[in-house]
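Visitor: In terms of our numbering, the sequence shown is residues 1 to 170.
FYI, nobody ran anything at the bench for these hints, they're computed from the structure.
Cβ coordinates follow ideal geometry from the N, Cα and C atoms, glycine included.
Check each hint, because a few of them may be wrong.
Stated by the list, open to error - Below 30 Å or equal to it, Euclidean Cα-Cα: the simulated DSS-like pairs (lysine-lysine) are:
#: 1; residue 1: 148; residue 2: 84
#: 2; residue 1: 106; residue 2: 39
#: 3; residue 1: 59; residue 2: 39
#: 4; residue 1: 51; residue 2: 62
Said to hold, decoys possible - Taking CB as the label site, the calculated pair distances span:
#: 5; residue 1: 168; residue 2: 111; range: 47 to 53 Å
#: 6; residue 1: 74; residue 2: 49; range: 24 to 30 Å
#: 7; residue 1: 133; residue 2: 73; range: 25 to 31 Å
#: 8; residue 1: 132; residue 2: 105; range: 14 to 20 Å
#: 9; residue 1: 39; residue 2: 167; range: 34 to 40 Å
#: 10; residue 1: 148; residue 2: 111; range: 33 to 39 Å
#: 11; residue 1: 164; residue 2: 78; range: 31 to 37 Å
#: 12; residue 1: 155; residue 2: 81; range: 16 to 22 Å
#: 13; residue 1: 138; residue 2: 168; range: 18 to 24 Å
#: 14; residue 1: 78; residue 2: 57; range: 28 to 34 Å
#: 15; residue 1: 127; residue 2: 73; range: 29 to 35 Å
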Amino acid sequence: MVNMMKWKRSAVAAIVVIAAIFLIATDALSIKTPARTQKAPDFILKDTNGKTFRLGDYKGKKPVMIIFSTTWCPTCIGEVPYFKSLFSTYADQGLEIVNIDVQESKAKTSKFSARHNLPYRVLLDESGIVSGAYEIRGVPSLVLVDQKGIILCHQCSPIEPFLDAILNKK
């Protein structure tokens, strides 16, 4: 009798685990990301210094790499040196890099930006509207927008081949 109850509990636990894995996998597969030829949603956000940034201002001028992140995300923190190296390599070639901090306060974001000496602008998406428009499902996320305002890649990795191609096209 005791063995039968243990077996039933194990079977129920296994079914729950399998169902959870299935639901997670199905949800991950259903995530839609903007197509490579989709027009980038325009937005206006303030940076940590209170200055306004409008994506549309770069149309016809420069490609823009958008980093969506948060201050509490361990992966985002670990990627800071990589993003800084991208800035030092590509900013002089005409790439605009901005970091959009998702749903955090200006104080927290400003402190993080100063602590890590971020060389690119850090924008505040305190409401999450911009990250929602770009269908961001996790951080860090990268979006590359070309000079025409078209999304070239969403979560592209590695991004360097895309950057080299777009900056050499100019």
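Visitor: Please test the hint of 34 to 40 Å on the beta carbon pair from residue 39 and residue 167.
Guide: With a Cβ separation near 21 Å, residue 39 and residue 167 fall outside 34 to 40 Å, so the hint is violated.
Visitor: Mind checking the hinted window 28 to 34 Å against the Cβ distance between residue 78 and residue 57?
Guide: The hinted range 28 to 34 Å holds for residue 78 and residue 57, with Cβ atoms some 31 Å apart.
Visitor: Holds or violated: the 47 to 53 Å window for the beta-carbon distance between residue 168 and residue 111?
Guide: About 37 Å separates the Cβ atoms of residue 168 and residue 111, which means 47 to 53 Å is violated.
Visitor: Check the following: the C-beta atoms of residue 133 and residue 73 are separated by a distance inside 25 to 31 Å.
Guide: Between residue 133 and residue 73, where Cβ atoms are some 20 Å apart, the hint is violated.
Visitor: Between the beta carbons of residue 148 and residue 111, is the distance compatible with 33 to 39 Å?
Guide: 36 Å, holds
Visitor: Per the hint of 24 to 30 Å, is the separation of the Cβ atoms of residue 74 and residue 49 within bounds?
Guide: 26 Å, holds
Visitor: For the pair supplied as a hint, residue 148 and residue 84, confirm whether the alpha-carbon distance does not exceed 30 Å.
Guide: Between residue 148 and residue 84 the Cα gap is close to 25 Å, so the pair holds against 30 Å.
Visitor: For the pair residue 132 and residue 105, does the Cβ-Cβ distance stay inside 14 to 20 Å?
Guide: With Cβ atoms ~18 Å apart, the hint holds.
Visitor: Between residue 51 and residue 62, is the straight-line Cα distance small enough, at 30 Å or below?
Guide: 19 Å, holds
Visitor: For the pair supplied as a hint, residue 59 and residue 39, confirm whether the alpha-carbon distance does not exceed 30 Å.
Guide: 11 Å, holds
Visitor: How does the Cβ-Cβ distance of residue 127 and residue 73 compare with 29 to 35 Å: does it lie in that range?
Guide: 18 Å, violated
Visitor: Could one say that the CB atoms of residue 155 and residue 81 fall in the range 16 to 22 Å?
Guide: 20 Å, holds
When each numbered hint is compared with the structure, violations occur for hints 5, 7, 9, 11, 13, 15.
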